[in-house]
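Visitor: Protein sequence lines, in the order shown, are assigned to chains A and B. Mapping of the first sequence onto the numbering used here: residues 10 to 222, in sequence order. Mapping of the second sequence onto the numbering used here: residues 879 to 1114, in sequence order.
Don't read these hints as lab results, they were simulated from the structure. Built from N, CA and C at the ideal position, the CB exists for glycine as well. Fair warning: there could be bad hints in the mix.
Per label pair, the in silico range of CB-to-CB distance [what the hints assert, rightly or not]: (1) A:Gln182 - B:Leu903: 52 to 58 Å; (2) B:Gln991 - A:Leu201: 33 to 39 Å; (3) A:Leu118 - B:Leu1101: 44 to 50 Å; (4) B:Gly907 - A:His16: 35 to 41 Å; (5) A:Leu108 - B:Leu903: 29 to 35 Å.
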Amino acid sequence: MNTDPAHLSTNEFIKGLWRENPIFVQVLGMCPALAVTNSVINAIAMGLATTFVLIMSSMLVSSLRSFIPRQVRIASYILIIATFVTVAEYFIQAISIELHKNLGAFIALIVVNCLILGRAEAFASKNTIWPAFLDAAGMGLGFTFALICLGGVRELIGNGTLLGYMIFSENYQPWIVMILPGGGFFSLGAWLLLFNWMKSRKERLNLAAENSR
Amino acid sequence: MNHHHPTLNPPAAEPPSSWPMIRALAGIGILCSLLIVSTWQLTLPTITKKKNEYLEKAIYQVLPGATSKKTFKITPDGKIEQFEGEERGVQRVFAGYDDQGRLVGLAIEARGQGFQDVLKILYGFSPEKQAIIGMRVLESKETPGLGDKIEKDPDFLANFKELDVSLDENAQIRNPIVPVKHGTKANPWEIDSITGATISSKAVANILRENTLRLIPVVMKNLQAFEDGSLAGNGP
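Same shape as in the complex, but just chain A:
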């Protein structure tokens, strides 16, 4: 195991993208993952807003970690997270009224995304600011990546478009179920199947390589 500091910090960043991906591996933050991923643009906006909240709250929690007593930590974390969600909501409104309209009720729901509270509790409260930042950035981008995967499939099959551009011919009859809540579960299930199959294949191959040695 490589233990030099540079390698460790890359590791904090990379783990959220793939090995510990919040959606595909930890299966956290399912509410937005199922609710807003019916188009790619919504998925990107939700992913980036969550990443912003995750990074800011992780850094603040990490810098206040010796100031917050154990007994009131959850209340403190929620207060911090809710603040950054409100900040994000104002900024989204200032950037684009259209985007704010598209995300509608779901921005406020970032508060209850257990991924953010989870990272505050499991990582930021036990580490210094720099690792907390890397961890949050990696997890946030991994979350965004997973939302885009879900949104891509659902928009393509459910609407025949990708990022609003027509992909299939005019005659394509969209499967409306894919942009309904049910479609969220179907595509999440399919992605989890694919990820677990890839993981178990890798383990099998590693085992075979070890045995043949």
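Fit chain B to the given chain A structure using the hints.
Guide: Frame of chain A, contents of chain B only:
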């Protein structure tokens, strides 16, 4: 004296001090409120500007051909007055005029219950055609991908190219607006709903029906006030 006096209580186990907890919660509370207030202060001018731009764009979209506008309000007793300043909670009506200063139509704000929250829409009314000639959603929290089709679906928006709200001999609306199932629109006052967004389609129809029943007779009675509006001051 080194021994405890028997009548004194033995020193109790030190209870956890509540001061660090109070300090942490109050400190974070103050910090968070400062953050929120400063963000609000920082973004408010931009948000107000964007909202006004959005409204202005919507006004010209629902009144094709209009090149200038003037803002009026309808008082509770049914009078038309010029709208000044930042008054809130009043029924605003925007009159749109063409290049020659002739009245093209009126853009009217309407609100009501949508699927999840209040739905705010703007519609254009042409006194000449006695019909709604355009509709835009100003504020909605309808389900993304489903209910928000009321803003995008071309078939649905086609309902509002010429939606009949003509008055009868008693100066009341002859045929109130009604939503109908997709593909069954037969009369000019019916709204063809969107399959898969029935509740939001119905909400739009209900808001329009309620608002037109109440306001179109008032507006038609005071048409002169709007037509003269282009001559009076109050800027473009």
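Visitor: Please go over all the hints and tell whether each is borne out by the structure.
Guide: Now the hints, each set against the structure:
For the pair Gln182 (chain A) and Leu903 (chain B), the supplied restraint of 52 to 58 Å holds, since their beta-carbon distance comes to about 56 Å. In this structure the supplied range 33 to 39 Å holds for Gln991 (chain B) paired with Leu201 (chain A), their Cβ-Cβ distance being about 38 Å. Roughly 46 Å separates the CB atoms of Leu118 (chain A) and Leu1101 (chain B), a value that falls within the hinted 44 to 50 Å. Here the CB-CB span from Gly907 (chain B) to His16 (chain A) is close to 39 Å, well matched to the stated 35 to 41 Å.
Judged by the Cβ atoms, the range 29 to 35 Å given for Leu108 (chain A) and Leu903 (chain B) holds: they are separated by roughly 34 Å.
Of the numbered hints stated above, none is contradicted by the structure.
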